[in-house]
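J.: Those protein sequences? They're chains A and B, same order as listed. Just so it is clear: in the first sequence, position 1 is 0 by numbering that gives the first Met the number 0, and no numbers are missing. Just so it is clear: in the second sequence, position 57 is 56 by numbering that gives the first Met the number 0, and no numbers are missing.
You may find that some hints are simply not true.
For each label pair, taking beta carbons as the anchor points, the in silico distance ranges come out as [to be verified]:
{"hint": "1", "chain 1": "B", "residue 1": "T32", "chain 2": "A", "residue 2": "L360", "range": "54 to 60 Å"}
{"hint": "2", "chain 1": "A", "residue 1": "S223", "chain 2": "B", "residue 2": "L25", "range": "50 to 56 Å"}
{"hint": "3", "chain 1": "A", "residue 1": "T221", "chain 2": "B", "residue 2": "T51", "range": "40 to 46 Å"}
{"hint": "4", "chain 1": "A", "residue 1": "N86", "chain 2": "B", "residue 2": "T46", "range": "29 to 35 Å"}
{"hint": "5", "chain 1": "B", "residue 1": "Q29", "chain 2": "A", "residue 2": "G357", "range": "46 to 52 Å"}
{"hint": "6", "chain 1": "B", "residue 1": "T46", "chain 2": "A", "residue 2": "G109", "range": "39 to 45 Å"}
{"hint": "7", "chain 1": "B", "residue 1": "I63", "chain 2": "A", "residue 2": "T273", "range": "15 to 21 Å"}
{"hint": "8", "chain 1": "B", "residue 1": "T51", "chain 2": "A", "residue 2": "A163", "range": "34 to 40 Å"}
{"hint": "9", "chain 1": "B", "residue 1": "T46", "chain 2": "A", "residue 2": "G68", "range": "46 to 52 Å"}
{"hint": "10", "chain 1": "A", "residue 1": "H272", "chain 2": "B", "residue 2": "T46", "range": "25 to 31 Å"}
{"hint": "11", "chain 1": "A", "residue 1": "G109", "chain 2": "B", "residue 2": "N41", "range": "39 to 45 Å"}
{"hint": "12", "chain 1": "A", "residue 1": "Q220", "chain 2": "B", "residue 2": "T44", "range": "51 to 57 Å"}
{"hint": "13", "chain 1": "B", "residue 1": "N41", "chain 2": "A", "residue 2": "G357", "range": "47 to 53 Å"}
What the hints contain is simulated information worked out from the structure, not anything from laboratory work. Virtual Cβ for every residue (Gly too), placed ideally from N, Cα, C.
Each chain, letter by letter, is given below.
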Amino acid sequence: MHNHRCSILCITPPHMLHEIVRNGSATQRDLALRTIVTSEQIRGLRRVSNSLASLVETPAASVASAAPGNKQRAVYDAQNGSGLPGNLVRNEGDPPSTDPAVNEAYDGSGTTYDLYFNVYGRNSIDGNGLKLDSTVHYQKGYDNAFWDGKQMVYGDGDEDLPTAERIFNRFTISLDVIGHELTHGVTQHEANLAYWDQSGALNESLSDVFGSLVKQYQRGQTASEADWIIGEGLFTVNVNGVGIRSMKAPGTAYNDPVLGKDPQPAHMNDYVHTVDDNGGVHINSGIPNHAFYVTALELGGYAWEKAGLIWYKTLTDKLQERSTFQEACVLTVQTAGELFGENSLEQQAVKKGWAEVGITLAAETTTPSGCLPSVMNALGLKMNAG
Amino acid sequence: MMQIIFERTGGFMGSKTSLTIDLDELPSDQAQTLQRLLDEANFFTLTENPPTHSAPDGFQYTIIVEDETGRHTVTTTDTTTPEELRPLLQELSQRARSQRRH
Ligand SMILES: [Zn+2]
Ligand SMILES: [Zn+2]
Numbered sequence: 000m001h002n003h004r005c006s007i008l009c010i011t012p013p014h015m016l017h018e019i020v021r022n023g024s025a026t027q028r029d030l031a032l033r034t035i036v037t038s039e040q041i042r043g044l045r046r047v048s049n050s051l052a053s054l055v056e057t058p059a060a061s062v063a064s065a066a067p068g069n070k071q072r073a074v075y076d077a078q079n080g081s082g083l084p085g086n087l088v089r090n091e092g093d094p095p096s097t098d099p100a101v102n103e104a105y106d107g108s109g110t111t112y113d114l115y116f117n118v119y120g121r122n123s124i125d126g127n128g129l130k131l132d133s134t135v136h137y138q139k140g141y142d143n144a145f146w147d148g149k150q151m152v153y154g155d156g157d158e159d160l161p162t163a164e165r166i167f168n169r170f171t172i173s174l175d176v177i178g179h180e181l182t183h184g185v186t187q188h189e190a191n192l193a194y195w196d197q198s199g200a201l202n203e204s205l206s207d208v209f210g211s212l213v214k215q216y217q218r219g220q221t222a223s224e225a226d227w228i229i230g231e232g233l234f235t236v237n238v239n240g241v242g243i244r245s246m247k248a249p250g251t252a253y254n255d256p257v258l259g260k261d262p263q264p265a266h267m268n269d270y271v272h273t274v275d276d277n278g279g280v281h282i283n284s285g286i287p288n289h290a291f292y293v294t295a296l297e298l299g300g301y302a303w304e305k306a307g308l309i310w311y312k313t314l315t316d317k318l319q320e321r322s323t324f325q326e327a328c329v330l331t332v333q334t335a336g337e338l339f340g341e342n343s344l345e346q347q348a349v350k351k352g353w354a355e356v357g358i359t360l361a362a363e364t365t366t367p368s369g370c371l372p373s374v375m376n377a378l379g380l381k382m383n384a385g
Numbered sequence: 000m001m002q003i004i005f006e007r008t009g010g011f012m013g014s015k016t017s018l019t020i021d022l023d024e025l026p027s028d029q030a031q032t033l034q035r036l037l038d039e040a041n042f043f044t045l046t047e048n049p050p051t052h053s054a055p056d057g058f059q060y061t062i063i064v065e066d067e068t069g070r071h072t073v074t075t076t077d078t079t080t081p082e083e084l085r086p087l088l089q090e091l092s093q094r095a096r097s098q099r100r101h
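Model the full assembly from the supplied sequences, consistent with the hints where possible.
T.: Written as structure tokens, this is what we have:
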């Protein structure tokens, strides 16, 4: 089984597979997609076994324990308190609740799971089928959502205030918020980007990127059709704004007499230095957000297929705890080269995305590309760059 | 006279919400409520920890209470707040959110 998977990879370089996905017949497309997913599953095994020896000896057992595609969700109700997770109100397979927040958390985490599994071959947050826990109705008047290191937590917005004073609706209302929170879990299990300064802004940006991709995937929208708004529907009618952030045009999501203007920069020249918000992680994320948007638009089609794959593989294989914007630029360009070939249109699009926000490769480096490095990579082996 | 300064930063939006209350200027029942919440939180015995980084998208809170006898500052986050402080935090947060449109 394992050898067979490997031989498919060896015959067909990854960038060819993606070419087939784009231009091949229906059968070719299915086979190529399955191969791409398989290479992801081999990497998933690496996390389980963590050594080549055990990978070769017990691949079947590892696959069985991972139970790929078996999504497990649970939604809890904090009943306006702070205790987590709260009372279990909907388990995997249970019929819908009468409470919209419960159903939104359930369905939204399901759609997020589907994007990660169907497109990137990732089995849940940890790549190993971790149960997706969400708590709704956290506290009273809690106008926020967060990831506590183990689960997603959602407040009801400004429900405790008179209607005219309300700024926020409940936070489960926006599918990309759910994808954003769950992605914090993925990042924690992968690059584990430190949540402050540039590494924190990259952490935030990855959550926005995949949060937006979850929404685009669910709606079946191409890069040019998507709105690239984060937190659409969160604001009440009292606010002059379309959402919390815009990846397409950072700094334009809202402009309101009460909230002020969206402070996100779209270029390194406007990087915001602040001690608030862990060094402005939700502000400076506008810079890498926009780099992704430009890349995706340049490539056209469904953003999750190419731009999303490049970012995903960079997150899982390359980024590290204290990575900077500059390093993210170098590493996404490198990943694009490995997936689609050096100087491919895809790699050029990534460079263009970062250049647009004022970040370029410090020095042009050539990296090995094609079959061998990707297989070695899939098996968790390191290759000397050069 | 006693002053309470409340500040909330971070969160999904990454914005700052703040509020300053002079207890003398509040209707006496409201001032009494706040005084009671401060007492129940044992506010002046809570440690003045340096600010810590929040969980992803969690809030960071700073509460400063100042009177003739001195000034006490408590910083906390959603995931690290002691239970006895939560009612005060809730009250201050509601007041801060409510005054945004006034
Ligand atoms: Zn700085
Ligand atoms: Zn976040």
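J.: With respect to the beta-carbon atoms only, verify the hint that S223 (chain A) and L25 (chain B) lie 50 to 56 Å apart.
T.: holds, 54 Å
J.: Given the hint of 39 to 45 Å, check if G109 (chain A) and N41 (chain B) actually sit that far apart at their C-beta atoms.
T.: Holds, since G109 (chain A) and N41 (chain B) (Cβ atoms, about 44 Å apart) stay within the stated range.
J.: Could you check the hint for me, namely that N41 (chain B) and G357 (chain A) are 47 to 53 Å apart, CB to CB?
T.: With Cβ atoms ~50 Å apart, the hint holds.
J.: Does the Cβ-Cβ separation between H272 (chain A) and T46 (chain B) fall within 25 to 31 Å?
T.: holds, 29 Å
J.: In this structure, is the beta-carbon distance linking T221 (chain A) and T51 (chain B) contained in 40 to 46 Å?
T.: holds, 42 Å
J.: Between I63 (chain B) and T273 (chain A), does the beta-carbon spacing fit 15 to 21 Å?
T.: holds, 19 Å
J.: Range hint 51 to 57 Å: satisfied by the CB atoms of Q220 (chain A) and T44 (chain B)?
T.: Because 55 Å falls inside the window, the suggested range holds.
J.: Is the gap between the beta carbons of T46 (chain B) and G68 (chain A) within 46 to 52 Å?
T.: holds, 47 Å
J.: Would you say the C-beta atoms of T51 (chain B) and A163 (chain A) sit inside 34 to 40 Å of each other?
T.: holds, 36 Å
J.: Between T46 (chain B) and G109 (chain A), is the Cβ distance one that fits in 39 to 45 Å?
T.: Taking Cβ atoms as reference, T46 (chain B) and G109 (chain A) lie about 42 Å apart, which means the hint holds.
J.: Should the hint that N86 (chain A) and T46 (chain B) are 29 to 35 Å apart at their CB atoms be regarded as holding?
T.: The hinted range 29 to 35 Å holds for N86 (chain A) and T46 (chain B), with Cβ atoms some 32 Å apart.
J.: Taking the CB of T32 (chain B) and the CB of L360 (chain A), does the distance hold inside 54 to 60 Å?
T.: holds, 59 Å
Checked against the numbered hints given earlier, this structure breaks none of them.
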